[in-house]
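Peer 1: Go by the hints and put chain G onto chain X.
Each chain, letter by letter, is given below.
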Amino acid sequence: MSDVTGPLGRVVATEKKPNTPHEFHFWTAIDSPVGIGTIVRVDGAQPIDGQIPHVYGIVVEGFSYTDLQTPMHDVLGHDGSPSAAGFAVTERAEIRLYTAAVLRQIPEEPLQPVPMGQVFLAQEEDVQVALRMDGYLREGAHTGIPVGVYRAGGTDAVIYLDADFLLGPEAAHLNITGMSGLATKTSAVEWLLASLFTHFPEEKGSIAAVAFNVKGPDLCYLDKPGRVEDTDEKLYEKMGVAPHPFTQVQYFAPYTAKGITLNTFRNNEALLDNVSPLTWGLREVLQFAEVLLNKDDVDAKADALIDFIKENVLDKEFSDPMLSKKHRVQSFADLDAWFRDVLQSMENKNGESWRTHHVATIRKVRNRLSNISTRCAGLVTDTGAVSDLPFGSFADRAVYVVDVANLEEDAQDLIFARIVSKLREHLERRDLGVKHLVVFVDELNKYAPTDGADTYVRKMLLDIAERGRYLGLVLFSAQQFRSQVHRRVVGNSGTALFGRMDADELSTPGYAVLSPATKTKLATLEKGQLMVRHPHFTQPIFVRFPRPAVMQGREGAEKYPQATDVSVHVAVLRALRPLDPSISLTWVQELTALYTDDEIIKARNATLLARPENVKAYFAAQFRKIVSAQSPVRPMAASIKSAPDDDPYGF
Amino acid sequence: MNSGPDAASRTALKLLIQQLPGASEINTSVEVDSPSAIDQPQLRSAQIVEGSAMRARKVPGVSRDITSGFGAFLDGAQKVRLVARHEGVPLVLGITSAVVRVRVNRRLTTWGHQPPKVEFKLYLPLRYLPPLADLPLGETGWPIVDTSKADANGDYPSAHPQVLLDRAIRAIDQQRELLEDQIAEAWCSRNEAPLFVDGGINRSAVVASSGCAVGVIKSHRTLYVEDDALKTVLNLGVNERSSVFRVSPRLRNSVMSWYLRQRDSHGHDPLWGLVRVEMTECDNPAERADEISRWVLAETRPLALPDGRWDKMSYGVRDCEEFLRAIS
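Line order of the protein sequences matches chains X and G.
Here the first sequence is numbered in this note's numbering, starting from 611 and rising by one per residue.
Here the second sequence is numbered in this note's numbering, starting from 72 and rising by one per residue.
Careful, some of the hints might be misleading.
As the list claims (entries may be wrong) - Below, a sample of chain G positions facing chain X; criterion: calculated Cβ distance under 8 Å: (1) Asp136; (2) Gly142; (3) Arg177; (4) Arg178; (5) Thr181; (6) Arg372; (7) Pro377; (8) Arg380; (9) Tyr386; (10) Asp390; (11) Glu393.
If you're looking for bench data, these hints aren't it; they were derived computationally from the structure.
Please read these numbers as outputs of a predicted model, since none were measured by experiment.
Virtual Cβ for every residue (Gly too), placed ideally from N, Cα, C.
The following block holds chain X by itself, in its conformation from the complex (with noise of 0.2 Å):
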């Protein structure tokens, strides 16, 4: 191997293939480290304007070659047998030729075509210099985030993304792409995260995540340690962040349909501690109606009923001299009730419209509004109860996940849509509790096509995208076809990272700009090898990123096996235990004996969103006092006057 302190190649230019301020070509030792994506140095001969000029630059491209004019020639040379090349006494003159982007010129003024001169293996320092690293990396005004360690030769590098860049003001969110499987997006968001809560500058303020689990149990076990190899704990001492799991790490899932079950991968009994129900009412459905509602389906008419209906039914004292009785509607269980009323009034009068409202509009709100129950059930109470994610209380370098992987689309669209708006709108008023906030998206294909219809989650990652850097709403997201995602949702990622691609895809336009040996290294990449691009670089670099110390999910979901459907005992049994370890299935049973089972989920959903000190008390409370039956006493007769004893008729 060359000394790659030394130089390890130089600079040539020819007249068909010159040298120009943004390329360069270089020939190098056969036997050299440099391959595609290592950095280089070149330093000029001649100082311009005092100043001997190094260029930077990243190999991009390159060729080999020997002195052979055509193949046939070394045909014939070997009698058109392979195997009789092995006895050629001596190899032919051989070349390695690579072409190099320039990443940076120093002096940068006047920009020039790159100089010949000897090409260096690029050092740390270089590396820093390169990417520009040095503007952020500097003493006092750290903003560098780790992302990964560039290698070539004896080269060790951590390049860092700008904090300013990646979670904004300047530029903000994040896009990662590559082939299901293969390029480790999820662990690359749980390494990100883990770096980013580790080096993220305390004087830019608290940060949290918020991840949406939409598919199998990758991000179940983000609070359980995972298997570190010693490379890769060199690879977090390198970055200098802990190879540990998440500290604080918060789950929410909807329940079953049945209601009694978490909906999760995650609802193993020894993992219940963190996991939260996610049931929303009446009120939450409602604001974001339109996000399950067909719009061929629901007209301007029906709109204008469920805007009635939001604003002067939902919560309010309603009255109407048609009706038969005043309504308080906080559950689909109340709106039903007034929808019969209604309808049933409009019969009685045999009327066709009630203010302004058509019976048939009438029938068709209510027709959709009540099946959105049962299409999200499990998420979408009845009772109107509601437990949520911990909008105004959000802590510091916490993660908290949404597991819709086991849902239907419409639930998880809802889900989304309120989540994020939600956000949105506590980040805008700035009680959320955290300063920034990331919120991870996978499949990104799905919910931000570039075709297909303009749905209500598309408009929100569209805005997240344009203007959540602003808020402090920063969004990370993965899919598998960058090329199918909504340009200004890729579009406005500052900073991008590729796994390993699928040839395909990089046939496509959107790739255009990286040469045809980066997108044969793209589509070979090993797992834990990103592409990045960043505001910063200039080109893509190319990074190794630690395996996440988390446990995988395929571990996860082996060693913590997924709850299956349990009796309504042993649910609630699961569900309270983590809060009170006293609580026993013969109690739970013994108390519950004489109650339905909807009346016993009631109580156990209300215990768990009150979380009280008294789990045992507070959930026996729930139940309505039943009197114990009592066996009727039959009253005495009163006496009949008794017959003498010797009254032979018996009076």
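Peer 2: Structure of chain G alone, referenced to chain X:
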């Protein structure tokens, strides 16, 4: 070959115009052919030292996996550039060079003990030019070689431009041979592995008497056979060599030599694929000739293409030529 003036030619031209105000530039710098091309072909007899008559001998042990004992290759190069004329008198820049390329792990690299030699000289017929004020010329320090000196008989060359040009070419040729001999002697003095020399080895007594240099001659302006021996040589089959004979030029050193057919000449010129090998005198010429022939045959791969002389040229020699072309 015609081409635009290179940097050295432009420098030479500048110097000459400064010194010789009447000198006129040649529009396109002219690279002149080697003088060997103008030698007359001839046949010469030689003393056979292997057997009593010249005959074809199959080189034993030839297979496709034969190995070569050569550890290095030596070649020289020369560039004759007619850069200007002064009243018709040719003003020539000669660039001569020589190098040894050593084989390490099947790859060729420049010999570290003796850097390649490159010399620039101006070949001027001073007798037919006005006196020059500054010798050597300018800051370059390039020496001037007078090509109009009297020969061994005391005769001066005529002022015929072609005669003067031939004189310059011959002088440059000799200079190249001198560089080759110097570098070959340096190699032999270190008693290194056998050296494949492109051309003869009999100019230098040191080299001719050293066992570590083998000369391989591609050009056959002089054939050291006559009559039936000539037929034998011209009819040599592939991997056949001739009997060993002794070459003893009057002004050079005596060496042993033989012809070797490297490639099947069927359908080609009779000299196609034919080389003449020179080695130092030894007691067992037949065995040694067989061994060296195997080495030479091993050096036929890889092909020296795209060089037009690839039928006779070894790849190592082509490598030397390419190297010298790059540095001179």
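Peer 1: Does the closest beta carbon of chain X sit nearer than 8 Å to the beta carbon of Thr181 (chain G)?
Peer 2: Not OK, violated: Thr181 (chain G) not within 8 Å of chain X, min 12 Å.
Peer 1: Per the CB criterion, is Asp136 (chain G) less than 8 Å away from chain X?
Peer 2: 5 Å, holds
Peer 1: Once the shortest beta carbon distance from Gly142 (chain G) to chain X is found, is it less than 8 Å?
Peer 2: 11 Å, violated
Peer 1: Hey, does the Tyr386 (chain G) contact hint survive, CB to chain X under 8 Å?
Peer 2: 5 Å, holds
Peer 1: Hint Pro377 (chain G) vs chain X: min CB-CB distance below 8 Å?
Peer 2: 4 Å, holds
Peer 1: Using 8 Å as the Cβ threshold, decide whether Asp390 (chain G) counts as touching chain X.
Peer 2: The hint holds - Asp390 (chain G) has a Cβ within 8 Å of chain X, the shortest such distance being about 6 Å.
Peer 1: Holds or violated: Arg178 (chain G) as interface residue toward chain X, Cβ cutoff 8 Å?
Peer 2: This interface hint holds because 5 Å falls under the 8 Å limit.
Peer 1: Hey, does the Arg372 (chain G) contact hint survive, CB to chain X under 8 Å?
Peer 2: This interface hint holds because 4 Å falls under the 8 Å limit.
Peer 1: Let's test the interface hint: is any C-beta of chain X closer than 8 Å to that of Arg177 (chain G)?
Peer 2: Status holds, d = 5 Å.
Peer 1: Holds or violated: is the Cβ of Glu393 (chain G) closer than 8 Å to a Cβ in chain X?
Peer 2: 7 Å, holds
Peer 1: Could you check if Arg380 (chain G) really has its C-beta closer than 8 Å to a C-beta on chain X?
Peer 2: Violated - the Cβ of Arg380 (chain G) stays beyond 8 Å from chain X, reaching only about 14 Å at its closest.
Comparing the model with each numbered hint stated earlier shows that hints 2, 5, 8 do not hold.
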